[in-house]
Structures are given as structure tokens and as C-alpha cells.
Amino acid sequence: MRLVTHNMMSSNIKGVANGFPLLIEAAQVVEKEVDFNADFLKNIFARIEWKALVEASKTMGYSELLDNVESSMLDSEEFLRKFHHALLEIHLEEGALVCPETGRKFPITKGIPNMLLHEDECTVFVLTGHDLYHSCGTPGVLKALSIAVY
Amino acid sequence: MLPPASVPQLMKLKMKLKQLEGLLGSVQQFENPKIEFEQYPTGPHIASRLLFTAENSFGDVRDKVVADFGCGCGTLGLAAGLLGAEHVIGLDIDAESIEIASSNAEELELDMDFVQCDISKLRLSDQVIDTVVMNPPFGTRKKGADMDFLSMALKVASRAVYSLHKTTTRDHIKKTALREYNASSAEVLCELRFDVPQLYKFHKKREVDVAVDLWRFVPKDKQGKQL
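First to last, the sequence lines map onto chains A and B. So that you can map any letter, position 141 of the first sequence is 141 in UniProt numbering, and since no number is skipped, the others follow by simple counting. So that you can map any letter, position 178 of the second sequence is 178 in UniProt numbering, and since no number is skipped, the others follow by simple counting.
These are computed hints drawn from the structure, not numbers from a lab. Treat the hints with caution; some may be incorrect.
[To be verified] DSS-like mimics (lysine-lysine), calculated; alpha carbons at most 27 Å apart, straight line:
1. K42/A with K220/B
2. K42/A with K18/B
3. K14/A with K155/B
4. K105/A with K32/A
5. K105/A with K155/B
[Unchecked claim] Selected chain B positions facing chain A (in silico; Cβ < 10 Å):
6. K64
7. A67
8. E86
9. H87
10. A95
11. I98
12. E99
13. Q127
14. I129
15. Y181
16. V210
Each residue gets a CB set at the ideal place from its N, CA and C atoms; glycine is no exception.
Could you build the full structure based on these sequences and the hints that come with them?
What follows is the structure in C-alpha cells.
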């Protein structure tokens, strides 16, 4: 998993108000070279949560990104190269993503985070039978909650 | 005959539809499809047309961040990668599918990220992903599954959502996308025949031929941060 993916994910556990950014436990980090594409970087810069990227890359052992940046730095190739490396070339191969609020760990195996929730962690928005079904999708839970509702 | 060329070489050229379809034809499909997730392979014919249209008619793929919702064995996401997407993420609930998709990506020398998750319970940024491509479960086993996918896709995509839905649901899809799911436009690009091979015992006929619409949805502008 690259940090561009990390930058768009939040903890989705029921009741968590601010699940972003997910903390990183890095057991194994690998680097894979990607073609440098300045236009892509300039385009995506404003859409990236910078602080989260800086922190995440530090946890992965790369501390070349500055804490404070502004769009004028996009003219510097040196800056873009570092941004490129942090965003696209560092992979979290083994470890975990950790919900910043609850500490719940989402394991990462062979680079793939498992974000599946247990039944009691699913968000329930509206208590109708239909929504219960869709929020948890498991007949067992549906039954249990239906009894509680009706 | 097409001249032999490596995948990276092909990607630098403007890939022809037939080349794309040919490359996708080598992709490995489900070994043991799981009925609860409505796992049907997306064939190379449909996948190549979907992504080819997205790139050549709308410019929604090259240099973009593309997410493949319910990626299964990865065919749509791989097609996006082959057409020059900068970053492709495949999301699926099923670990086995992701494993196949991941080895397919390796085979085609593409770097793709994968996340194992339930699409309907995702919390994803609505800033980073440009385009969502998907062949959602049609909701024949779990009612509304395709609408859960569509709703989420329109929440996170900033440019466009490409999706396949049964032609019989056309009016419903259009109405719901425009009224409830934040779409500013919902357009059927073409009607395709989807050959569902006899994967499951409950299929009576040898091959089920389903009429499917290829849709392009455009989400309304998100109130994102600006430079």
C-alpha cells in the first residue's frame, strides 16, 4: 500500500468521529520505482492532506518532506521529486493501520490492508429494517437488532 | 498480427482497443466464484470498451487516480493501468479475489494498490480519487447492492463514475443517481450483452445473456479545498 492510498482512507468504525489519518505501524517497508510525472503531482498536490503524508512518510522512515509547504514550491523539481517518492514509491508491505480514536488495528499483509469490520463495529445510521440489513448485512445481527427496535 | 511489444512499451503508445482487449484476455479469473458476493468475471470485451471509452472520449483515465470498486480479479483496474492511470486502487471484500488480482497486476507489470473492505461501509476521502470504475453486483442476491456501490462511488469520485447495470433497471438508476446520489449527469453510453457463464449450480441455462448498460455518471462539484 502506497501513501497516496493511506491519504484517502479513514477508520470506519461505528461511533468514531475523526478516523483520519490512520496511524501506521510499519513492520516492513519496500520501495518501488515509479516514473516521475510532474503534471500529476502538481494536479494532486492540493487534494492531498499534507500533514498526514508527512507523518506517514516519517513513520515509514522517510523524513525529507517539510511540514509547511505552499503551492509555489511546485515549481521546484527537487520538491516534486520528494513528494513523488513519498506519495508513490514507498509501500507499507507488512504492519498495521491503527484507528486514531479507538486504537483498533487493521492488519496489512503482503501490502494489502484488511479494513473489514466485525459485526459490532458497523455503522448504523437509521434504525429501519432495510438500513439494518444494509449496514451490517448479516442476518444474525439483523435479527438481534430487530428485536431491540420493535 | 500485432507486433510483439512489452507492456510498458505499449503503454507509451496510444493503445488500440484490440491490443487492450488482447492483454486483458490473459488475465486470470475466479477459481471458485462465491455466490454471496455475486462474483461474475468482467470479460475482456466489456472491460476494454469501458476503459477505452473513458479514456478516449472523456480523458478520465490517463494520469488520473482510478478506483475499481468490487475489483474481483482486477480486470477493470488493470485496464485503467494499461491505459496510463497514474494510480489504481482495487477494493474488494474478498481476500482470494484480491490475491488473484494482485498476481494479475504483477503479470502485466502494473503497480496497483488493493484494499480489502466492504464498499458500503467505506470512509474514503472525496478529494483524491478522480474516477471510479466498477462492475457492481447486480443485486440479484443482495437487493440494492449495486445501489450501495453507486452511492459510494458518487461520494468519492471527483470526475466520473463508470458502471455497469442491468438494462431493466435503467429508469430507476437514472432517477436515483440524479435525485439522491449527488450526480449532475447520468448517461447510458451503450448497451452491452453480458455473458454470464454457468458458474453456479442455480443457473439453468448454460450461458445467461444479460442486457447491461454502460453508464457514465458525473458527480456534482465537491466543496473541496482549493489552491
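Evaluation of the interface hint that places I129/B against chain A, nearest CB under 10 Å: 7 Å, holds
Satisfaction of the E99/B interface hint, Cβ to chain A closer than 10 Å: 8 Å, holds
Restraint check, 10 Å cut-off on beta carbons, for Y181/B near chain A: Because about 15 Å separates Y181/B from the closest Cβ in chain A, which is outside the 10 Å limit, the hint is violated.
Supplied contact hint for I98/B, tested at 10 Å Cβ to chain A: 6 Å, holds
Minimum beta-carbon distance criterion (10 Å), Q127/B to chain A: OK, holds: Q127/B within 10 Å of chain A, min 4 Å.
Closest C-beta approach of V210/B to chain A relative to 10 Å, hint status: This interface hint is violated because 24 Å lies over the 10 Å limit.
Restraint check, 10 Å cut-off on beta carbons, for H87/B near chain A: 5 Å, holds
Pair hint outcome, K105/A versus K155/B [Cα-Cα no greater than 27 Å]: It holds: about 25 Å lies between the C-alpha atoms, which stays within 27 Å.
Pair hint K42/A and K18/B, alpha-carbon separation not exceeding 27 Å: 33 Å, violated
Status of the hint placing E86/B at chain A (closest C-beta pair under 10 Å): At 5 Å from the nearest chain A Cβ, E86/B passes the 10 Å test, so the hint holds.
Straight-line alpha-carbon gap K105/A to K32/A, limit 27 Å: 25 Å, holds
Hint status (Cβ of A95/B to nearest Cβ of chain A, threshold 10 Å): 7 Å, holds
The structure does not agree with the numbered hints 2, 15 and 16 stated previously, though it agrees with the rest.
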